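Undergrad: Two chains, two separate frames, one set of hints: put the complex together.
First to last, the protein sequences are chains A and B. In terms of the working numbering, the first sequence is residues 1 to 96. In terms of the working numbering, the second sequence is residues 97 to 566.
Bear in mind the hints are in silico, worked out from the structure with no lab data behind them. Careful, some of the hints might be misleading.
To be verified - Pairs of lysine to aspartate or glutamate residues, derived as EDC-like cross-links and limited to a Cα-Cα distance of at most 20 Å, are as follows:
#1 Lys-93/A x Asp-416/B
#2 Lys-22/A x Asp-444/B
#3 Lys-2/A x Asp-508/B
#4 Lys-93/A x Asp-422/B
#5 Lys-2/A x Asp-463/B
#6 Lys-436/B x Asp-9/A
#7 Lys-377/B x Glu-564/B
#8 Lys-47/A x Glu-120/B
Unchecked claim - Chain A side only, calculated, beta carbon under 7 Å to chain B, not exhaustive:
#9 Leu-11
#10 Thr-25
#11 Lys-29
#12 Asp-33
#13 Tyr-37
#14 Val-66
#15 Thr-70
#16 Asn-81
#17 Ile-82
#18 Leu-96
On a predicted model such as this, the values are computed, not experimentally measured, just so you know. Quick reminder that beta carbons are idealized off the backbone N, C-alpha and C, glycines included.
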Amino acid sequence: MKIDKSQIDHLAKLSRLELSVKDQTKFVKNLNDILGYVEQLNQVDTKEITTTTQIAGLKNVWRDDVVEPTDETSKNEIKNNIPAMEDDYLKVKRVL
Amino acid sequence: MKLNELTIDQAHQGLVAKDFSAVELTQACLNCIEKTDSKINAFLSLDSKNALEQAVVVDQRISANKKIEILEGIPLAIKDNICIEKTKTTAGSKMLENYLAPYSATVFNKLHEQGVVVLGKTNMDEFAMGSSTETSAFGPTKNPHDLKCSPGGSSGGSAAAVASGMALGALGSDTGGSIRQPASFCGLVGFKPTYGRVSRYGLLAMASSLDQIGPLGKTVNDVRQIFKVIEGRDDKDATTINLDNFKTKTKKNLRIGLLKESLGQGLDPKIETEIRKIIQKLNGLGIEVEEVSVPEIDKSLACYYVIMPAEVSSNLSRYDGVRFGDQKIAAKNLEEYYIKTRSAGFGDEVKRRIMLGTFVLSAGYCDAYYRQAQKVRQVIKNNFDQVFQAFDFIISPTTPTPAFKLGEKVDDPLAMYLSDIYTAPANLAGLPAISLPIGKIGKLPIGLQIMGPQMSDYEVLNFAEIIEKI
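Isolated chain B (complex conformation) (with noise of 0.2 Å):
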């Protein structure tokens, strides 16, 4: 097997075995992003002077029998709304095509410091907004598995490069799916963790009540291991949640719901064949599933594009080309700056987006659309309590169809929005959500939601490890 193609737990055994060094696990990730990523057009930027003399440091390290942390000397890639300090973070945006992070976020600096190898920048959505990459201002990524079609967004480079082997994980973020429609596309975990459970200092802002960092990776274990480096609260993010009080439980006889909303109209009955095989095995495992309603969850897409374009149109107004931005632009007064600026910098998408939120925040608007949305928003996290006093997870597919060819739901925006029917729901309640992949359709996988309570992370992975390996 190649190095690059080993999992975060193989490549760590090999690193402490000394079957290889990390030069040369870090070098077989770089030779596999030089020989394919012009095809597959994951990674924004690259940075492999600095990932080798980390993995340099790291060989040391060993060489002297130092005991290595699970994650030091891993290659992995990092998705391009997340600033590492002297580096560019584009967020896939024309409008900050040359911005290098004055800062680095804290999912980066708690990373380095376990010694982890970071590779490069990966390609994304403008602004996390899409759900194919095909809104990068750099280009769309490609699909791994069949280059014609999309590896899903807004995280895909981060899953390209994954499931192709240029990286052994990556960091995503999701706001309404970005993580775990990529993973089920790309045939790879995807895992949102809990709102509030990862810090987002050093995050782009998409829509910040719904945003969440998360990796992406080979296995369950592998995203856990990413996911234990980096939670917990930050005090730069006064979203983040103190762990200090929850401890994880052990469930014996759990108790599992199909969400009977994701099923029938609009799922490719291929996806569903797939989904009851896996509950007739957890079934033989003495694991029982029945169908279950979450009521409302079926306007959680409506809900997610009412509160999500609102926030978006708060979060880039700053994008005025004032302390970032395009000198070049000539303009008779400061509001013809403004305008200039933001009228070249965005693609279509983001402006879109911005000029929804306006409307929806708009006097007179506000109250029938803002508002509703968020009644609706608890609505839909009371019925999930509900459901979760009774049922441990809930189970669903993560997309209602296989990817999608690329230029296949670029001019329908709604279209493409209804991809993400299935996870945003997750995010509207603040929930923990993993996707794992569960078998293909002809060369393309599909992937399995398990969605569990507020603060059941750990009881999610592991509930997603039982079905990974049966």
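Chain A on its own, in the form it takes in the complex (with noise of 0.2 Å):
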């Protein structure tokens, strides 16, 4: 599998990146260097093998969902991390 320019453009639009012309180039040597690098993937018999999902094999966590009463201290420390809000609501250039 070879990356090209025009796949380094489509990742970098679905990872909403941009890159400069030297970065593109740059870019597509590097992920192609890996890539070739972990092609040796391949060589290993998986045909019987069942995916990892969980490797210390704990299955289905589950807990009550209990509402845990947020102090106003804590709301504030998580909106003064916000670069821009109107009253309690984040605010956002329009989408539509």
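TA: Printed below as a string of structure tokens:
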């Protein structure tokens, strides 16, 4: 598998990133180097193997859904990190 | 001996005997930071005021003849991807340059309850992505043993802080070797616990199925004392394991495997020589060591470099500039705002891994890359399970070379990734693994890694202590 410039552009778009022309060239090379290296995974016979999702073997860890009260201080600490707010709402550019 | 150079155990004895106060101990660390950190760049932020206030509280308890805990009054440093409420938590990224955590990580709360003195937050590769601390948006950390060399990464700030006497111990995080590799480069003990043994609540996620918080220190016992406090089930991290049913076994007739795949090509022969010397000494104690093969272990790094970026691309989608970010970015619409925020806020390595992860998860490639990697991960885990039927522990070098020069690998990501070649397998299989110093090549320390079966954390620490003492 070889990645070319148009694929890098597509990946950047999917990743919500914009790249300079210099970056495009660099990332095409980097990603091809890495994908070339990971090709070796195909040498492993995995026909009989089921996919790992939880390496420690835990299954279905449940807890009750309990509402814990949040104090004003924590609310303010969260709000203080938000770049743009109006009243108690996050403010973003219009979508539609 | 200077107070800031004591081990945790020695410092505790000194506090109890009233040889010195917790304030004097903390001040010794702060003085060392003031004197040397302009050269090392281990800390991203310091909290001297809180540190000294905490030390005063401990001194009052000592004066009142209260029994103090082992870690009480001990100055530690914390990696900057672990949240402390009202404190800057940047994860080494411009994206979070001004982020003040609104809550504290479980590991911090546990240390705080013990009366630990937290000095500040340490430098790291951006969002823990790197093996040299050079991807930090706030400049690289230097190796205290040779300022031209990298301290390793991503927990390079934590390692450099402890190695230069700025803190008695530290917390790091390890996704593919980020505690053990810097410990090895800086001549320290670094321990990655079993996956799920320590809560990740409040750790800025990189690759959630691999990330684990753990301690760095000067001795195995120091690391054990910190680990004892931070381990345990946490309702806020559903992947943590209930420890009630596990007992540490004291084993006689240890069976040790030397990892065959770690020898030969790529390994600095001087490191192998040092490991052979350790093996001879173990033999002298009646502990037999034989070479053992973990058949598909040589595919670990390839497996890691598919699974990790996949999880990275998903975890880092939250950084969109809406809940934290830079107000000043001008954009026509929301999508452009996301794009501009992310492009300005992330460094190259982070962008590279997000795009790689996006690729291996994308339609048409997911089966060939991501699913195959997940299956290979299971094969590697099965290989380890089989080897641990016959062996208690597997030893190997921690890294193929001692610390490399700053700038040496920064333009060649694949070469940089290869420094995690012996450490990544333990993350894939969820195993506890420790690096401990076993000598030096010139000025630069080298490390030995011990891996054990899942949940054999204390057995691994006990065996590491045997090697430390020979």
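Undergrad: State for each hint whether it applies.
TA: For each hint, the structure was consulted:
1. Lys-93/A x Asp-416/B: With Cα atoms ~13 Å apart, Lys-93/A and Asp-416/B stay inside 20 Å; holds.
2. Lys-22/A x Asp-444/B: holds (12 Å)
3. Lys-2/A x Asp-508/B: Measuring from Cα to Cα gives roughly 18 Å; hence the hint holds.
4. Lys-93/A x Asp-422/B: holds (14 Å)
5. Lys-2/A x Asp-463/B: holds (17 Å)
6. Lys-436/B x Asp-9/A: Roughly 15 Å between the alpha carbons, so the hint for Lys-436/B and Asp-9/A holds.
7. Lys-377/B x Glu-564/B: Holds, at roughly 11 Å.
8. Lys-47/A x Glu-120/B: violated (62 Å)
9. Leu-11: holds (5 Å)
10. Thr-25: Violated, because the Cβ-Cβ distance from Thr-25/A to chain B comes to roughly 13 Å (cut-off 7 Å).
11. Lys-29: violated (10 Å)
12. Asp-33: Holds, because the Cβ-Cβ distance from Asp-33/A to chain B comes to roughly 5 Å (cut-off 7 Å).
13. Tyr-37: At 6 Å from the nearest chain B Cβ, Tyr-37/A passes the 7 Å test, so the hint holds.
14. Val-66: Violated. Min distance 10 Å.
15. Thr-70: violated (10 Å)
16. Asn-81: The hint holds - Asn-81/A has a Cβ within 7 Å of chain B, the shortest such distance being about 4 Å.
17. Ile-82: holds (6 Å)
18. Leu-96: violated (10 Å)
When each numbered hint is compared with the structure, violations occur for hints 8, 10, 11, 14, 15 and 18.
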